[in-house]
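Each chain is listed here by its residues.
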Amino acid sequence: MRSNRWFTPWVLVIPALTWLLVFNLWPSINTVILSFTNARPIGGGHFVGLKNFETLLHDEQLRWALLNSVIYMVVCLPFLTVLPLLLAVLVEKKLPGITFFRTAFYTPVVASAVVVALIWQWILDDRGLVNGLAEKLGVISGPLPFLSDQWLLLLSAISLTVWKGLGYYMIIYLAALGNVGRELHEAAAVDGASPLRRFIHVTIPGVRGTMILISILISVSALRVFSELFILSGGKGGPGGRDNSVVMLIQQYSQGFEGNLGYASALSIVLFFVTVVPMLVLARLNRRGAEA
Amino acid sequence: MTTVTDRPTEAPLAVPSRKRSRAFGFNSVSPREKVVRYILLVFVLLITIGPFLWQLSTSLKGSGEDIYTRIPRLLPAQPTFSHYKEVTDTIPVLDYARNSLVVAVLVVGGNVIGASLAGFAISRLQFRGRKIVLGLFLATLVLPGEVTIISQYVTVREFGLANTLLGVALPGMIGALNVLLMYNAFRALPLEVDQAAIVDGANAWQRFVYIGLPSVRGTISVIAIFAFIGAWDDFLWPLIVLTDPNKYTLTVGLQYLSGTFSNNPRLIAAGTMIAFIPIVIVFATLQRFFFKGVEEGAVKG
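Protein chains in written order, with this note's numbering: chain A, 1 to 292; chain B, 1001 to 1301.
Possibly wrong hints are sitting among the right ones.
[Claimed, not checked] Where chain A lies over chain B, by a calculated footprint (3+ residues, C-beta under 8 Å):
1) 1167 to 1177
2) 1246 to 1257
3) 1266 to 1275
Hints in this document: simulated from the structure, not taken from any laboratory. Quick reminder that beta carbons are idealized off the backbone N, C-alpha and C, glycines included.
This is chain A alone, in the form it adopts within the complex (with noise of 0.2 Å):
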């Protein structure tokens, strides 16, 4: 022990918690200072009290963003909890090529939601794949403004967010499904279940912890959703900034001359309160299972 000084484990700690404190906790404190500032991009700023907070009660954009925030986590919920959990249960078995596939249905993850988004804004163009397919099949007479009509491009964009989240809760799930006992299975299948009685009675109860962890990481991406919706509405927030997320707004007012990082903080705040709300439910409902 005596090689072991007191100062050591803090030579090894010192880097990370020095990052935490100057770039985690310390603006954490300071995004609440900010809120009663009008700082700008540019810098200097003052005292503002709660004006920022009076205005936030007023801001009909961020009405919309609330609003499209809680329709994106209503919709991409159950897609992303259910589908994930088939697609895990699809490439758990070791078949030849598995490797293979459980790789690919990895890449939209592993690919930057700016490239997605441009793919899919081409996709969806009026004169992209969908609408020459549709019109081809003769389903629409005229192409279907996926990226201008506001509902139209919200569901753009959570498409867009279910289909590049499959695989990261798919990899999640995937190393639930090795916990889950095989003997269970395998006691189940010779009493005779069948497959989908199984997944219903085993696989499920088994990945239930999981299953809301991924529910919590689900809501809270969903309300802090950002690239796919800026991309999809070329940076404009869909027709009269209706199609904007709290986080657009944020982004929105952190540059430029009419920029205010004071309500900036404002607005963060807002998220902060929305993002803790699915998790404190998910946490509770999670503690309910686990005493039942």
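Given chain A, work out where chain B should sit, using these hints.
For chain B alone, kept in the frame of chain A given last:
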């Protein structure tokens, strides 16, 4: 360690008993199930990879070729690389790629070094305040990064690093989550190994290098891969920090490109492929470590 978790990966070729055909699925796959599985796999493959192939195809289609036909053609009739040349000539895409690479390398280096040092200290060394330090790292997980992004920008600006690549890289160079992942990985090591090393007179640093590090290579590679992909793909933070188009990273540059050439999908397609192909190559090369690391983490967690 892995032998415990390794499942029999291949079906024993011994004759499977016909009578227990219901339990068939476990050690082997019936031919019919196999066919169904592969059909589904290919179906999902088309959904996940299709859009990328479509974009690749658009980027290779000649300027004279109609890309708006009602009958979409996947294979270009007049394949050409000219759009790639045009993109790199008009917009410094290769400079953007280099900028992204610089940021990604800094972030990977910082995380691998910083997170493994801290993770080792918190999990393997006794010191006063250890619990508090661990609690601090855990606490930050609750906070979505976007919430603090504005005041992070103010901090970086005060360091005089606004509009610099270092400013883009710096905040992400040691992630709290990575510290916790390393903490978890180091904790899986039996304490007796450490005690034996201490008896042999090894100090903390020697235990870190010779005992700790070799056993957490899986987690380190996962962290490195994720840090690289995260830095390469990040959009919001560089968009806020960088104002000078010469310093743009690839994602910010691409968005700029799409605004400039919004009427030419072939050029945008070429630009996206320049950003996409390197990351796919990186991932395809390292996916072995990635999937192994994920499984390792799952077993230990």
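Evaluated hints:
no.	hint	in the structure
1	1167 to 1177	holds (count 5)
2	1246 to 1257	holds (count 4)
3	1266 to 1275	holds (count 5)
Hint compliance for this structure: every hint is met.
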